[in-house]
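Asks: For reference, the chains in residue letters:
There are 2 protein chains.
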Amino acid sequence: MSYTAPLKDMLFDIEHLANIGEIAKLPGFEDAGLETAQAVLEECARFNQDVIAPLNVTGDRDPSSFKGGEVTTSPGFKDAFAQYVSGGWQGLQHPADFGGQGLPKTIGAACGEMLNSANMSFALCPLLSDGAIEALLTAGSDELKAVYLERLVSGQWTGTMNLTEPQAGSDLAMVRSRAEPQPDGTYKVFGTKIFITYGEHDMAENIVHLVLARVAGAPEGVKGISLFVVPKFMVNADGSLGARNDVHCVSIEHKMGIKASPTAVLQYGDHGGAIGYLVGQENRGLEYMFIMMNSARYAVGMQGIAIAERAYQHAVAYAKDRVQSRPVDGSINASAPIIHHPDVKRMLMTMRAYTEGCRAMASVAAAAYDAAHHHPDADARKQNQAFYEFMVPLVKGYSTEMSLEVTSLGVQVHGGMGFIEETGAAQYYRDAKILTIYEGTTAIQANDLVGRKTARDGGQTAKAVAAQIEKTEAELAKSDSAAAAAVLKRLKAARLAFIDVVDFVAGQTKASPNAVFSGSVPYLMLAGNLVAGWQLARSLIVAQDQASHNVDVAFMQAKIATARFYAEHILNKVPGIRDSIVDGAESVTALALEAF
Amino acid sequence: MSYTAPLKDMLFDIEHLANIGEIAKLPGFEDAGLETAQAVLEECARFNQDVIAPLNVTGDRDPSSFKGGEVTTSPGFKDAFAQYVSGGWQGLQHPADFGGQGLPKTIGAACGEMLNSANMSFALCPLLSDGAIEALLTAGSDELKAVYLERLVSGQWTGTMNLTEPQAGSDLAMVRSRAEPQPDGTYKVFGTKIFITYGEHDMAENIVHLVLARVAGAPEGVKGISLFVVPKFMVNADGSLGARNDVHCVSIEHKMGIKASPTAVLQYGDHGGAIGYLVGQENRGLEYMFIMMNSARYAVGMQGIAIAERAYQHAVAYAKDRVQSRPVDGSINASAPIIHHPDVKRMLMTMRAYTEGCRAMASVAAAAYDAAHHHPDADARKQNQAFYEFMVPLVKGYSTEMSLEVTSLGVQVHGGMGFIEETGAAQYYRDAKILTIYEGTTAIQANDLVGRKTARDGGQTAKAVAAQIEKTEAELAKSDSAAAAAVLKRLKAARLAFIDVVDFVAGQTKASPNAVFSGSVPYLMLAGNLVAGWQLARSLIVAQDQASHNVDVAFMQAKIATARFYAEHILNKVPGIRDSIVDGAESVTALALEAF
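Sequence order for the protein chains is L and P.
Numbering of the first sequence is given in this note's numbering, commencing with residue 106 and proceeding in unit increments.
Numbering of the second sequence is given in this note's numbering, commencing with residue 106 and proceeding in unit increments.
Keep in mind that a hint or two might mislead.
The list treats identical chains as interchangeable, and a pair is accepted whether it falls inside one copy or across any two copies.
In the DSSO-like style, the derived pairs of lysine-lysine whose C-alpha atoms are separated by at most 30 Å in a straight line are [what the hints assert, rightly or not]:
| hint | residue 1 | residue 2 |
| --- | --- | --- |
| 1 | K615 | K594 |
| 2 | K293 | K594 |
| 3 | K183 | K172 |
| 4 | K615 | K293 |
| 5 | K597 | K615 |
| 6 | K425 | K113 |
| 7 | K425 | K293 |
| 8 | K130 | K425 |
| 9 | K250 | K113 |
| 10 | K597 | K250 |
| 11 | K425 | K328 |
| 12 | K172 | K597 |
| 13 | K597 | K568 |
| 14 | K576 | K328 |
| 15 | K594 | K250 |
| 16 | K130 | K183 |
| 17 | K425 | K615 |
Hints were generated in silico from the structure; no laboratory data involved.
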C-alpha cells in the first residue's frame with residue numbers, strides 16, 4: 106500500500122493555523138516562510154513516498170535480528186538511511202552552526218509526520234538522534250558538542266536514550282546504573298538498560314548513547330541521577346573511530362509491532378567499565394533528560410498522527426475498491442463500493458477527523474515552540490513556552506490514544522481481510538499500541554498535565570487556552586452557516602466543561618489527590634479533544650472565508666465537513682467526560698484492593 | 106498466566122439476574138436449578154483452567170500449520186480436544202435425544218465463557234460445531250440427523266460454516282458456489298469458500314461442512330441460496346467412514362491473532378464434485394444459516410466477554426505485583442504496587458465494569474432464550490423470543506467492541522512489558538480484533554438492530570426494554586444509598602436518550618435511511634451500554650439487599666462499587682452518543698466521495 110503525503114492539509118495548517126507568515130518574521134527564520142515550507146514538504150514527500158514507505162511492510166515481515174551481539178536491520182534499511190543522511194534530513198531543525206538547516210519546528214513537524222507515516226520503525230532512529238542532539242545542545246560542554254554534534258546532525262552517527270532498567274519502569278528514581286569518576290575526568294559506567302530503541306544497529310558508524318546513571322555518593326531518588334554520553338566506539342582526537350567501548354547489546358525484544366525497530370537490552374561495564382562523559386553537571390541528569398523527552402514526546406504524538414493518516418489512506422483505498430451490497434438509500438441499484446455505506450463513511454470520517462484535528466493541534470503547538478525560542482519579546486516567549494508546554498501532553502497523549510481507535514477502525518473497514526496480515530491494515534494496529542506507552546505512558550502525560558501544567562499555576566495557562574477558544578466561538582457566531590452554528594454549540598459546551606474540570610483539578614490536587622488523579626487521563630483526553638476540536642473550528646472559519654473567495658472550493662468544503670463531523674461526533678463527548686471526572690472520582694478508588 | 110473462572114460472579118448473575126429458579130420451573134429444565142449450575146460450572150472451571158488454558162500462549166507461539174492439504178493443529182490441541190469430547194462438553198446444551206445433556210443456555214453460556222477465556226483459538230472448534238448442530242436440529246431431515254447429529258453432539262466429528270467467498274464478503278447475495286442435483290438425490294458441490302474456521306484440522310475423525318451454494322436455475326440474490334451438508338469423509342451405511350469427499354483445504358490464513366485456529370480456504374469439486382446433502386428445502390439456505398449465525402453471534406459476544414475477563418485477570422495480577430512510584434495520596438511512603446495508583450485503578454475498574462456488565466447482559470439474554478424455547482405459555486415464549494432477538498446484536502456487537510478497549514487497557518496496564526510478546530497481554534489485544542468482524546461485523550449487527558429489531562416493530566420491543574429499565578429505576582429510587590442515587594441518575598438519563606434514539610430510528614428508517622444508518626453502530630453501542638448498565642443496576646439492588654442480610658458482604662460491596670463505576674464512567678457516555686445519532690447524522694455523509 107503506497108503512501109501519499111497530505112501536503113495540502115499540512116500546508117493549510119502551516120499557513121492558516123500555525124501562521125507561518127508570523128514565524129517568518131522571527132529572527133533566524135527570515136527564510137522560513139510559506140514558500141520554503143512548500144518546497145521542503147514537497148521534497149520530503151517525494152523522498153518518503155519513494156524510498157521509505159515501501160520498506161514499512163517488508164520491515165514488519167523481516168524484522169531486525171540479533172546475533173552475537175550485533176543487530177542486523179531489516180533489508181533495505183541501511184541503504185535507505187544512507188539516503189536519509191545524504192539528503193540532510195536529520196539536520197532539518199538543528200542549528201546551522203552544526204551543519205543543520207535551522208528550520209522552524211512548524212515545518213520540521215510536518216516532515217516528521219511524513220517520515221513516520223512512511224515507516225514508523227525506520228523513523229524511530231532519527232527521532233532518538235533528535236533527542237540526543239537537543240540534550241547536547243542544551244547541556245553539553247563545548248568539547249562534547251565539538252566531538253558529537255556535527256556527526257549526529259548529519260546523521261553519520263545516531264543517538265539513543267538510556268533511561269529505564271528492569272526494576273525501574275517509568276519510575277526513574279529507581280535507576281541503579283552507576284558511574285565511577287576516573288582521574289582523567291571521564292567516568293566508568295556500569296549497569297543494565299532496557300527498552301533502548303536502536304540501541305544497536307548497522308545503519309551508522311557509531312552510536313551515541315545518552316545514559317542515566319548514579320555517581321557514588323549521589324542523593325537517593327531522581328535528584329541523584331546524572332547524564333552521560335557513552336559512545337559505542339571511542340572517538341580519537343582526530344575524530345576517527347577508536348576502540349570499541351564496553352557497552353554491548355545482549356538481546357533485542359520480540360514485540361507486537363514496530364518490529365523493524367530494534368529494542369535493545371544494553372549491558373554497560375561487564376568488561377571493566379564503559380567510558381562515559383558527563384553531560385552538564387552531576388545530579389542534574391533527569392532535568393537534561395527531560396529536554397530529550399519533551400522533544401521525543403511531541404515527536405511520538407506526531408507518530409500517532411502519522412500512523413493514523415497512513416491507516417486512513419489504506420482504509421479509504423480499500424473502501425473505494427471493495428464492492429459489496431447496495432446502498433441503503435437506493436441511490437445505486439447494484440452492489441457498490443463500500444464507501445457508499447453510511448457506516449463505512451462514519452468510520453472513515455472518524456479516522457479523518459481525528460487525524461486532521463490532531464495534526465492541526467500539533468501544528469499550532471509547533472508554532473508556539475518556534476515563537477518561544479525565537480521571539481524577540483520575553484513576554485511573548487514566556488507565553489508561547491507556557492502554551493507549548495501545556496500542549497505537549499495533549500499532543501503526545503491524545504494523538505496516540507486516538508491512533509489506537511483510528512488503526513482499529515482501519516482494520517474494521519477491511520472486514521475479515523483486515524485481520525489477515527497480508528492486507529497490511531493489521532500492522533498499523535499492532536504498531537500503534539506502543540505509542541500510548543513509550544516516552545511516558547498516557548497516565549504519565551496526564552500526571553504532567555495535572556501537576557506541572559495545571560495545578561502548579563492554578564489553572565492559569567489552561568484558562569488562557571479557554572479564553573482563546575472563546576474568541577474562536579465569537580468568530581463562529583458571526584457566521585450564519587449551519588456548520589458554524591453546529592460547531593459553535595459543541596465547542597462552547599466543551600469549553601465550559603473544560604473550565605469546570607480545570608477548576609476541579611487546580612482546586613483539589615493538593616486536598617484530594619486521589620480524586621484528581623482518578624480523572625487525570627480523562628482530563629487529558631478531554632483537553633486534547635477540545636483543543637483539536639478548537640483548531641478544526643478555526644479551520645472551518647478559514648475554509649468558509651477561502652471558499653467564499655473561490656479558493657480551492659472542494660478542499661475547503663471538505664475541511665468544513667470534517668470540522669463539523671468532529672464537533673458532532675467527537676467533541677460532543679466532552680461533557681460526558683467532565684461528569685466522569687468531577688462527579689465520578691469516588692467510584693474509581695472505591696473498590697477494596699482485595700476485591701480485585 | 107493462569108486463568109481462574111469467575112464462578113462467583115457467574116453464579117450471582119445466573120441466580121439473581123437470569124433467575125435460574127424460574128428456568129428450573131420450565132418443562133425439560135426441572136433438574137437445571139442453581140445447584141446443577143454450580144456443580145457444572147465448578148467442573149467446567151477445573152477442566153478449562155487445568156487442561157485448556159495452558160495451551161493459549163503455546164498455541165499463539167506455535168500456530169496451526171498447513172502442508173500438503175492437511176492442517177496440523179498446535180501442540181496439545183488434539184489431546185485436549187479428546188478430553189473435551191470425553192468430558193461430554195460438546196453436548197452440554199444439546200438434546201438428550203442425540204446424546205447431549207440438554208442444559209439451559211443460561212448454564213451453557215457461562216461454560217462457553219470459560220472455554221473462551223481459557224483459549225479462544227481452541228474454543229472456536231466447538232463453537233462452530235454448535236452452530237452446525239443447531240442448523241441440523243432445525244432443518245435437517247431425519248436421515249441427516251441420524252447420520253450426523255449424535256457424532257457432532259459427542260464431539261467425535263466437528264462442524265463448520267461455509268458462507269463467504271472471495272468476491273462476496275458480508276454480502277451473501279454474491280455467493281457463486283453451485284450445487285448440481287444428482288439422480289440419487291444428492292448434489293455435487295463446486296466452488297471456493299474462504300474464512301472457514303477449523304475448515305481442516307486433525308482433532309476429529311470427520312468434519313461436517315455446512316455449505317451455502319446455488320442450485321442451477323435458482324433465483325438471483327439471497328433467495329436462491331441453499332444449504333448443504335458436505336462431509337470431509339463420506340459416511341457408509343453402517344456409520345463407518347468411507348471415501349474422501351472432494352473438498353480440500355488449499356491454504357490457511359496468516360492472521361494477526363487467534364493463530365492456533367486454522368482459517369481455511371476450501372475448494373469444492375475440483376475432482377468431479379463434492380457430494381453434498383440438501384438441508385431442508387432448496388433456496389431456504391440463508392434462513393437456516395441464520396439459525397447457525399444467531400447461535401454463533403451470541404457465542405462470539407461471549408468470546409468478547411471471555412477475552413476481556415482473561416485480560417482483566419492478567420492485568421490485575423501484574424498491577425498487584427509490579428512495584429513502581431509512591432501513591433499520590435501519600436498513603437504509602439515508598440514505591441508501591443501500581444494497583445495503588447488511581448489511574449491504574451481506573452483502568453482496571455473500566456475493564457472489570459465492562460466485563461461484568463456484558464456478562465450480566467448475556468446471562469439475562471440466555472435466560473430469555475431458554476424461556477423462549479421452553480415456556481409453556483405462547484405469549485411468554487413470544488415475548489422472550491423478541492427480547493432475546495433484540496439482545497443478540499447487543500451481546501455480539503457491544504461485548505466485542507468493549508473487548509477491544511479492555512484488551513487495549515490490559516496492554517496499557519503492563520506498560521512497556523505489555524508490548525513484549527512474552528508477557529502475554531499483547532495476544533489478547535491481537536486475538537480480540539477478530540471479534541468485531543466475524544459472524545457479522547459490528548455494522549452488520551447494527552443493521553440487524555436497526556432494521557429487523559427496531560424499525561420492523563416500530564420500536565415496540567425496544568420500548569418494552571425501556572419500560573423494564575424504568576421499573577429498575579423505581580427500585581433504585583427506594584434505596585437511600587449514594588451508590589443507588591448515582592446509578593439512578595445515569596440510568597435514567599441513558600434510558601431517556603435511548604428512547605429518543607429509538608423514536609428517531611423507528612420513525613426515520615424508511616424516510617431517511619442514510620441518516621438512520623449513519624448512526625446505526627452508535628445506536629448499537631448506546632443500547633448495549635444501557636442494557637449492560639441496567640443489569641449492573643439490578644445487580645446493585647440485589648447486592649445491597651444481600652449485604653444488608655450479611656451475605657458475602659465483601660463480594661456484594663464490590664458488586665455495588667462496580668455498578669456505580671460503570672454508571673459514572675461508562676453509562677454516562679450515552680447522552681453524548683444520542684446527540685451524535687440524532688443531531689449529527691448529516692455530517693456523516695456530507696463529505697463528497699471525491700474528497701476522501
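Asks: Work down the list of hints and note, for each, if the structure agrees.
Replies: Okay, the hints, checked on the actual structure:
For the homomeric pair K615 and K594, the shortest alpha-carbon distance between copies (29 Å) is at most 30 Å, but the shortest distance inside one copy (34 Å) is not. Proximity of K293 to K594 under the C-alpha cut-off of 30 Å is found in neither arrangement, the shortest distances being 61 Å within a copy and 63 Å between copies. In this assembly of identical chains, the alpha carbons of K183 and K172 lie at most 30 Å apart only when taken from the same copy (17 Å versus 35 Å across copies). Proximity of K615 and K293 under a CA criterion of 30 Å is satisfied in neither setting, with 42 Å inside one chain copy and 76 Å between copies.
Within a single copy, K597 and K615 get their C-alpha atoms as close as 29 Å, which meets the 30 Å cut-off; across copies the closest is 34 Å, which misses it. Taking the closest pair of Cα atoms, K425 and K113 come within 30 Å of each other only inside a single copy of the chain (21 Å); across copies the shortest separation is 49 Å, beyond that limit. For the homomeric pair K425 and K293, neither the shortest alpha-carbon distance inside one copy (59 Å) nor that between copies (36 Å) is at most 30 Å. Proximity of K130 to K425 under the C-alpha cut-off of 30 Å is found in neither arrangement, the shortest distances being 44 Å within a copy and 55 Å between copies.
In this assembly of identical chains, K250 and K113 lie within 30 Å of each other by CA distance neither inside one copy nor across copies; the values are 38 Å within and 64 Å between. Taking the shortest Cα distances, K597 and K250 never come within 30 Å of each other, neither inside one copy (49 Å) nor across copies (64 Å). In the homo-oligomer, the alpha carbons of K425 and K328 lie at most 30 Å apart only across protomers (27 Å), although the nearest pairing inside one protomer, at 56 Å, exceeds that limit. Taking CA atoms no more than 30 Å apart as the test, K172 paired with K597 passes in neither setting, with 57 Å inside one copy and 62 Å between copies.
Taking identical chains as interchangeable, the C-alpha atoms of K597 and K568 lie at most 30 Å apart only when both belong to the same chain, with a minimum of 14 Å there against 33 Å between chains. In the homo-oligomer, the alpha carbons of K576 and K328 never lie at most 30 Å apart, since the shortest distance is 42 Å inside one protomer and 59 Å across protomers. When the C-alpha separation of K594 and K250 is checked against a cutoff of 30 Å, the pair qualifies neither within a copy, at 52 Å, nor between copies, at 62 Å. For the identical chains of this complex, K130 and K183 are neighbours neither inside a copy (39 Å) nor across copies (72 Å), given an alpha-carbon limit of 30 Å.
For a Cα distance limit of 30 Å, the shortest separation of K425 from K615 across copies, 26 Å, qualifies, whereas the shortest one inside one copy, 53 Å, does not.
Hints 2, 4, 7, 8, 9, 10, 12, 14, 15 and 16 from the earlier list are contradicted by this structure; the remaining hints agree with it.
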